[in-house]
Amino acid sequence: MTPFKRASVLIALLFSFSVFAQEIPWSITPASGPASGGTIVTIRGPIGSWPYDAVFGSVWASARLIGDHTLEVVTPPHPPGTVNVRLFEYDIWRETPLQFTYTGNLPEEAFERILLPVYVPPTFGAQGAEFRSDLRLAAKTNDVTVWGLVRDCIVLCVEPPDSPVTVSSWMRPEELLFSPNGTPGRFIYVRNEEAHQLVAHLRAFDVSREATNFGTEIPVVRFDSEADTTIVLPALPTDRRFRNNLRVYATEPVVVTITAGDIQGSLQLAAGRSEYEPAQGSWGNFPVDAGLVRVTITAPGTTTKIWAFATVTNNDTQVITTVTPQP
Amino acid sequence: MLTKRASFVAALLVSFPLFAQTPESIAPPSGPTSGGTEVTIKGDFAEVRQYQVLFGEIPARSTTRVDAQTLVVVTPAHLPGASQIWISEGDVFARSSLKFTFTGGAPLDEFARLLVPINIHAVKGAQGSEFYTELYAIAKRGTPGVYGLLMECWFVCVRNDPWDYPERLTTEEAKYGPPDATPERFLYIRRQEAGQVSLSLRAYDVSRDEENYGTTIPVVNFDEASDTVIAFPSVPSHPKFRNTLRIYSDVAMKVTIEAGDVQEVVQLEPGASVFEPAFAMWGNFPSDAGQIRVRLTAEVANNPPAYLGRIWALLTVTNNDTQHITALWPQP
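Chains as they are written, first to last, in my numbering: chain A, 1 to 327; chain B, 1 to 332.
Computed cross-link-like contacts, BS3-like style, restricted to lysine-lysine with a CA-CA straight-line distance of at most 30 Å: (1) A:Lys140 with B:Lys254; (2) B:Lys240 with A:Lys140; (3) B:Lys175 with B:Lys124; (4) B:Lys240 with B:Lys124.
Short derived list, chain A residues pointing at chain B, Cβ under 8 Å: (5) Thr212; (6) Phe214; (7) Thr230; (8) Thr321; (9) Thr322; (10) Pro327.
Since the hints were made in silico from the structure, they are not lab data. The beta-carbon is built from N, C-alpha and C at its ideal position, and this holds for glycine as well.
Sequences are here, hints too, so could you generate the full structure?
Rendered as structure tokens:
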């Protein structure tokens, strides 16, 4: 190629880039829609004729080329908030300056709601106890995106609290830790199609007695399938050696009725501040020295489903046993 | 009192002729557990009445009186085994001399399957420990029936066939003992009653009853909780603890275990009935490797590729000094 031809090609290339940059600015219309998805958006910009996918936050949607530099995309369901929009062009990522705002409530039909019943920063108890909870998440084989958590970060935390975290199967156990970032009970969300991939491990333990046991596994609950209008815990001890505590969770701040042996009480669940915080309450007015008692929890006058579990803690050793609804 | 006794005996004698007269035969005598077999029962059905037939405790899908000697019945879904036929000519069912044998696997479209992972009695361990489990069951509402749940009995056990007669739960909890079978056990509940049951299973060391209330063991809705891959993100590998992995499936299969740097294949041995899961126990964990990840993968058939079955697993971490058990299970 002669120097003249080379210069011509270079000029043509530079000219063509400037055409894209100046004449085809990025745009997305509309720039907001319901969290349930289904909004048809038009994306314009320096778009070629490759096959494209669009990614809203971290949720993929297939895009359709409908004209020069123009894609049409149906938004996927997503928790409410503003997300970045990226394109996947055949086999490479294309960053864009575009954002889309999801409005309304979290689309429950598209997400699995998972309850972390007790997930707290260090808490000091009797007999020198210092209780901690340790949450680890992983994926069985494919990556899973989880909304509602912050990865454990001691020094520099770069993830904004509202962004999802992605967990993989290849992470080392120490990379799978997450930090408490809200009320003790917490809802997290996973897209339905990824829910079976998620693996969780939530353990409460007393640091001062780590040499004597590995702590107590706390159930991580698929809330919508495991909650019920009535919860029954068949045989709870009322021996003075133990102190019992009942924790109750719901999606709405209902009043629940609790029957424990001969004692009947009610408990107003405190409302959560967002979809990541369940309505919750705790109750400890158990009878004393009444042998094994049955505990029944209901939410009269409502169809709201509840979930509950009890902890039985030995007053001397501070060892916790959980009693949970089964199966 | 004598009059009452006489009345009772008379009532029995009246009911027996019913068995002698009807029915006389059943054809075919067997069919699949999924139900739907059209069965002809021959006997004395001279009275024109609304006849009803039960297989154990499960009503036939339909019962039709064809003539004075013939009922045609469509079988319900039922657990495998020989089922007692009961016939009513009105409100009262009478036990017949006939049986119908259901063949095949458990009909999971109509029955939920629960796994009781460990049910043991007086297992002695290290440091003077003696482990027991305690299983309570109660009805949240109604009187749901649980097949395979066995009442505690230590001297004389008169039990109905567990595949034919469920244990009916009430709103008073009852304690169910370790079965006189394998420690791990499948239970079955008809799906329309599955949400009515609450169970509680606890393992404890009687020698350390003063120190803690033991460890809750999950009772699992097996077909919802099981998968072809099971993972535990963080398991301690430390000389303070001994780890034991229990693996369960509905079919005998090979399972690949990855625990830190260790990889092994174990064979799950088949259960003897639908109440016994295929099972294997494994404890060859690396020692002193810190926190490790454990992953189990069910065997996959090659030509054509197909999953052979699903697995569930329970991992216990026991402190060697205190014998305190922490149970880890696949979550959520």
